[in-house]
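Undergrad: Single-letter residue listing:
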Amino acid sequence: MHKYKNYSLTIILLLLSIVLKFFLEKTFNTIYMYPHITELVSSENSKNDMIDLAGILLGARRAAADVGWIQLLQYYGSPEVKCTHEDNHELYHEHLNGRGGEYFDLLKYSLRITRLDPRFYHVYLYAAGALGWNLSRTDEALQILQEGIKHNPKYWRFYLYISAIVYKQLKEYKKMVEVLEKVVKYPDCPNIIKSILANIYESLGEYEKCLRMWIEILNSGDNSYQNKATAKISLMREKLKI
Amino acid sequence: MYKLFAIAKYTIRESIRNKVFYIATLFSVIMFCVAIFLSVLGQEQEKRLLLDFGYILIELIVLLTTLYSSATFLIEEIESKTIYYIFIRNLPRWLYILGRYLGIVCTALISVVSMSTVHLLLLVIKGWKFDITPLYVNFSLLLKISVISAVGLFFAIFSSSPQISFSFTFFFWILGHLSEEIKFVISKIINPITKFSLTTMYYLLPNFQYFNLRDLITPNEYSQLYILKIVVLGGLYCIFYSSIYLSLAAVLLSKREV
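So the sequence lines, in the order shown, correspond to chains A and B.
Take the first sequence: its position 39, counting from 1, is numbered 39 in the numbering used here, and each next residue is one higher.
Counting the second sequence from 1 gives a position; the numbering used here is that position plus 1000.
Keep in mind the hints are simulated off the structure, nothing from the lab.
A few of these clues could be false.
For lysine-lysine, the following BS3-like pairs were computed, each having C-alpha atoms within a straight-line distance of at most 25 Å [unchecked claim]:
(1) A:Lys154 - B:Lys1047
(2) A:Lys154 - B:Lys1229
(3) B:Lys1195 - A:Lys21
(4) A:Lys26 - B:Lys1188
(5) B:Lys1229 - A:Lys26
(6) A:Lys154 - B:Lys1195
(7) B:Lys1255 - A:Lys185
(8) A:Lys171 - A:Lys209
(9) A:Lys26 - B:Lys1195
Here chain B stands alone, though its shape is the one from the complex (with noise of 0.2 Å):
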């Protein structure tokens, strides 16, 4: 366990210290500036758009920062060999991928707490009336960077390249949010292959909207029970689908010569 929170804890120390994270935190700064004028342009539905840009500001951020984390950090260990010294300790490589994985999903949650402690702030001087909604839809958003991170991790290791690894989880995720788009396409299919083909892929692809929570409800629509439910469920599929991935990732960097 001791080990498991010392990988997590170098590997939060890592991010926060490298300056993708710096980049990225100046750019949130300018898009916030950005959001709050675009939605002065709004009119009567300024603390809407203050509220939907916000969302997806910290989304990408934290979604790029991710992406960055888990396609890089390993292999660049791997590469320059300073993994031997932690193998050398008879570390299970599951651990070792466990740790790293939670460091990364830790920084993400250091990253959406600050950023949407901002938002709420300025939605709050906006005279915005605080509900809890926020707080739900940016844990489900937290949960839907914690699966990304575990398929980035998979491809990190599957492919070797940072790359590669980046531009297969972007991909990853937006096949993810087409999930509803992709059921569409199989209930207009005849053809009984090519609908099990995609039946198939629907199954295995996760589906990001049941993490979508700020397009799916407003407040007041749906009792709080409701809502909870809907983000328990996914807390759930959120476990099961990101173990998949870890657990992959744990056989095949087991299977490599480090």
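This is chain A alone, in the form it adopts within the complex (with noise of 0.2 Å):
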């Protein structure tokens, strides 16, 4: 009798948790937002897609997401490699006399760290600068920017950069600088973002309005733009003769 009593314990305990399941995911499924393993960009080497089913194994998503990151800016980072030839159908690289690039993946890079992480604000804003206007695919920058919506319905700062890149389409580049000075006064603005609008207001004239964003960038504390920062802050101000 007494055995059976344990038994019954456990079964009792067991009935009690899967109620208290029940409970836990209508709470659950309200903030559990992260696409299934069957949505993940592969980034067609192995290594980083063992990353991510280890950090999907081991509940580690924004850590892998993370890892992506560093990647993403090591590939956007280095002078890429552009395509040559074919070999089994798969495309061998050449350096490019350590000049910028094409960065063809970029948008798969993005796409691999928002499909871990749907949450990683910074990657779509990041990459809709690099494609919109480092890079002129306006196409791949709305692309992450609506991959960003449907992830983040609420983030509404993914409509403004949409409007930004929709006036550089239609070549409204008054109002398209009119948003960008709306979005860089937010404190989640990417740098690269930053760097663009001193870049157009370089290209306009408009030297004081470019100083202020380039010291901006450089109290920013992000070491990445550190030298061109003080570079441009130099060649801003012997313009300005201060």
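Two independent chains are provided; combine them into the complex using the hints.
TA: See below:
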């Protein structure tokens, strides 16, 4: 009788856990918004795929997305390799003599991160800035922002970036600058967008606004822009004769 | 009650004096340095990377030490027959299991508190604005570790082998994180028998995503009351689920000839 009493206790606890799981699921389903494993973007690099899978298996999707972010910065921050020839339907690359490049896989790198962690807002904004302005691939920029809206419909800054890109496509540069000026006021605005606006000011001859923007970028403490910001500030000071 | 705390205290002492604990401490110092280096590579997202890598590091180190403790202490005591000295004193088997469990969870608590203090200190030095989210995240992590400790103790008695217990418990850990994927697969299956089997498996396995607050909540996104509700429900789930495996472990131990 005593041993059956122990098993009956286990069964009661199991039933209570299952009932509690029903209640937890209702609460949980409103906050769990990760795409499933079938929606992950493969980077065609088995090592990266293993990192993504490990992140999911260990319940560390954010950490896996962070590793993806480092890899994206390394990809975009390095002189790109150009596709030169095919071998067994795979594309091999050669260096472009130390200069920049097309960064064909930038969207793929970004989607890989956002499918792991859809709330990594910075990636959407950074990729949109790079694709929309630096690489002039506005369709891809809009695609990454649409992806952001799909997973985070309440994050309204995506709509702001879309409007700026649309104005760029329609060549309404004045309205585009007005939207970008709103965008850079927010603390989560990536430095890439600020640098884009600074370059636009420079091309329009608005050196004072350009100088202010580069000082703001320098003060953000972002090491990747330190040298460029310092050089631009010196240049603007020369032009303004201050 | 006194006996329960005595066993728990003895388990904590045993854990802290164990070489594995010192190796884990040294390893965590090294890994924190790696985390700082990696976070610098993240440029504008340095604080986010340091936060995330710190969380995952704390979880992995505490998981490994907990798996080791739950897999080895009980089995070693049974094999060396020193467990006889405990049961001679008319100690109920369930009390012994509960004491061991409390000791393992308290050791995990000490590890989590010490590592998260260092983690938060590093973040504050980097200019991170303090908010209460890490406290919820680390508490949820502790709840997850509590469940896996109970599972580990069950497998330790069930298998009588530290290696098998360690492996089974680790796979259980992974399965617990795949609950949402299992739910997704269930929604796509048409065959009723397969659907029923998978649904049963889904409800029998713990869903560790409930305790993964680091992946679920971002500061200022949800109200404190809502986060507290998730934590309280998670706590209740942890208590019920741990009790299932602890009661099974107690039943198995009472059937064993020790």
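Undergrad: Give me the numbers of the hints this structure contradicts, sorted from smallest to largest.
TA: Result: hints 6, 7 break, sorted rising.
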